[in-house]
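The hints should help you fit chain B onto chain A, whose structure is shown.
Chain by chain, the residues run as shown.
Number of protein chains: 2
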Amino acid sequence: MRIAVDAMGGDHAPRAIVEGAVHAARDFGVEPVLVGIPARIEAELRRVGAGALRVQVVEAPDVIEMHEHPAMALRRKRRSSIAVAVQQVHEGYADAVVSAGHTGAAMGAGLLILGRIKGIERPAIAAVLPTVGGRPVVLLDAGANVDCQPQHLVQFGLMGDIYAREVLGIPSPRVGLLSNGEEDIKGNDVTIRAAGILRDSKLNFVGNVEGKDLFFGLADVVVCDGFVGNVVLKCGEGLVLAIRQIFTSELRGWRGRLLAFYLLPLLGPARRIWGRLDYREHGGAPLLGINGVCIIAHGRSNARAIRNAIRAAMDAATHHVPARIISAIHGEKAAALPCLR
Amino acid sequence: MRIAVDAMGGDHAPRAIVEGAVHAARDFGVEPVLVGIPARIEAELRRVGAGALRVQVVEAPDVIEMHEHPAMALRRKRRSSIAVAVQQVHEGYADAVVSAGHTGAAMGAGLLILGRIKGIERPAIAAVLPTVGGRPVVLLDAGANVDCQPQHLVQFGLMGDIYAREVLGIPSPRVGLLSNGEEDIKGNDVTIRAAGILRDSKLNFVGNVEGKDLFFGLADVVVCDGFVGNVVLKCGEGLVLAIRQIFTSELRGWRGRLLAFYLLPLLGPARRIWGRLDYREHGGAPLLGINGVCIIAHGRSNARAIRNAIRAAMDAATHHVPARIISAIHGEKAAALPCLR
Chain A
1 MRIAVDAMGG DHAPRAIVEG AVHAARDFGV EPVLVGIPAR IEAELRRVGA
51 GALRVQVVEA PDVIEMHEHP AMALRRKRRS SIAVAVQQVH EGYADAVVSA
101 GHTGAAMGAG LLILGRIKGI ERPAIAAVLP TVGGRPVVLL DAGANVDCQP
151 QHLVQFGLMG DIYAREVLGI PSPRVGLLSN GEEDIKGNDV TIRAAGILRD
201 SKLNFVGNVE GKDLFFGLAD VVVCDGFVGN VVLKCGEGLV LAIRQIFTSE
251 LRGWRGRLLA FYLLPLLGPA RRIWGRLDYR EHGGAPLLGI NGVCIIAHGR
301 SNARAIRNAI RAAMDAATHH VPARIISAIH GEKAAALPCL R
Chain B
1 MRIAVDAMGG DHAPRAIVEG AVHAARDFGV EPVLVGIPAR IEAELRRVGA
51 GALRVQVVEA PDVIEMHEHP AMALRRKRRS SIAVAVQQVH EGYADAVVSA
101 GHTGAAMGAG LLILGRIKGI ERPAIAAVLP TVGGRPVVLL DAGANVDCQP
151 QHLVQFGLMG DIYAREVLGI PSPRVGLLSN GEEDIKGNDV TIRAAGILRD
201 SKLNFVGNVE GKDLFFGLAD VVVCDGFVGN VVLKCGEGLV LAIRQIFTSE
251 LRGWRGRLLA FYLLPLLGPA RRIWGRLDYR EHGGAPLLGI NGVCIIAHGR
301 SNARAIRNAI RAAMDAATHH VPARIISAIH GEKAAALPCL R
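Protein chains in written order, with my numbering: chain A, 1 to 341; chain B, 1 to 341.
Treat the hints loosely; a few may be bogus.
No copy labels: a pair is met if it fits in one copy or bridges any two.
As a list, the in silico SDA-like pairs of lysine to any residue whose alpha-carbon atoms are at most 25 Å apart [stated by the list, open to error]:
hint	residue 1	residue 2
1	212	136
2	77	181
3	212	65
4	202	67
5	212	304
6	77	183
7	212	324
8	212	185
9	212	188
10	212	302
Hint data in this document are derived by calculation from the structure and do not stem from the laboratory.
If we strip away everything but chain A, and leave its shape as in the complex, we get (with noise of 0.2 Å):
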């Protein structure tokens, strides 16, 4: 398997991401084609000691930087990593595509130049968050579309409901609505008539969820618009450095350096619990709805945010989400479902 990755994006690229991608090589098979300025990558394979893995280099001169405006960027710079890593998938070349890079962009390039896929107006990231059961919750959309119609959200159900089980081997995936409440009389004007579809629908629709349930696995499918998507999910990761900053100030001051003495035998569960709530560990988010695989990883991806990206990707691929997303909007669940077109 072949997984294309934007060797230029991110906020530690190329160094991060040549290095994820070597690891991935390493660990999982996967081939992976590192797309950027071919000196820049072959310095970092140099230095990360690549050797005998098997590792391609496709050149891309340019670079989408953060504060470009997506569309913009993608007419004028064409050649661009994120572009051209996304024609691999187009092409065939490879069997999906990974980017750290400017998250318009990628999603800009996967509309472009994949496409969307029918009857799907708005494609979705879709963000894969642990709970304390530990079966994952799929939050989407984590930060596409920011203005959304209440058919979008069933779009989005739709294509969560598929990932869930396709990829995470969920039969049948609970799916819920992202709300102020969880009684049916609660949300806003759009939430509250996405829930009169879903309700209509053959998905297994849960009703409303509330933020506090969201990590307790009350839902496998948690669905809202991308601005609440994008803020909950940058407020529990800001939740959990704060907690995390709070803790190493307590630990400071002559009581604090008694108390970490007794600390040290905890470092190993500490490592665990963190774990479970980094972002890091469960790799990118899947753009759905477009036709191909590509997972967008965070901006601030070290070298393995990006090797478990790359395994998202090696998942999606083999399940072929965007395939089985094309058979649903034909198939019975979506027969249902008056809103797809």
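For chain B alone, coordinates are given in the frame of chain A:
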């Protein structure tokens, strides 16, 4: 100072409410006016041993339950504990009111009985959250208005500015807009239009604030619609609970038990850490924009949370928050806000 307390509202009412009010009377010298079913309130007062403390009881035979439609319930149950408690403020008998009951009913009673401040179209719930640095952040709206227009968000900013200035003592509060990215182009339709108005205002507007910045004190006031605010608050609450549970589950088994032995000296700091993130420590959330001080406490409030909510009510009443909002609307800050009417 007299504070009217809805003794029948909340998951642990009237027990926790009465107990919290008694603690507030003892600790802060306040005079609670407990509103509800006298026999039940008096039984709790005897249990706690209120004895020499000045605590009043005002009869209200009805209780609005959590599942009821707020407006309908307020019409049908004219002598509900929440309505009678708010009435105490309206009649000038109490300086403020506290309720841990149905949030919608508390808001409705506040609006109907006290009325909204002219110029503020939508009253908002302001949650005061802890940050890593120790300086609190005011998040509003925390759940009163699910669908907002840009001018509502601007009005929230103005009210948050007053609250942070008067009650929290922050001289020139930095007002941020919760969004899906720091850049000006990020946001949904409503937040982008609100940012335009806020930029031209006399508020100390610092632009977009991301979810991850919320707990790091990058702004003193963070504005969002009530749907997003509620989801964010409950996600944070759920995440803190999830982290606690993961810690507990890691401490099971023989290895865990061994570690628990080492953990004992940590209990003190751990309590302080959770305390900083615990809504019970931070008391209730003021409902801003009505002609009176109304504090909304968490439905799951225990006695300590009620005690702290009463303290929050005392603070807001001492600083004449409603009067300050009224003068701000007629002052220089609002002059540049065409949306105030």
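Hints versus structure:
no.	hint	verdict
1	212 / 136	both (15 Å within a copy, 21 Å between copies)
2	77 / 181	between (45 Å within a copy, 23 Å between copies)
3	212 / 65	between (35 Å within a copy, 21 Å between copies)
4	202 / 67	neither (42 Å within a copy, 28 Å between copies)
5	212 / 304	between (29 Å within a copy, 21 Å between copies)
6	77 / 183	between (49 Å within a copy, 21 Å between copies)
7	212 / 324	neither (31 Å within a copy, 34 Å between copies)
8	212 / 185	within (18 Å within a copy, 30 Å between copies)
9	212 / 188	both (18 Å within a copy, 24 Å between copies)
10	212 / 302	between (29 Å within a copy, 18 Å between copies)
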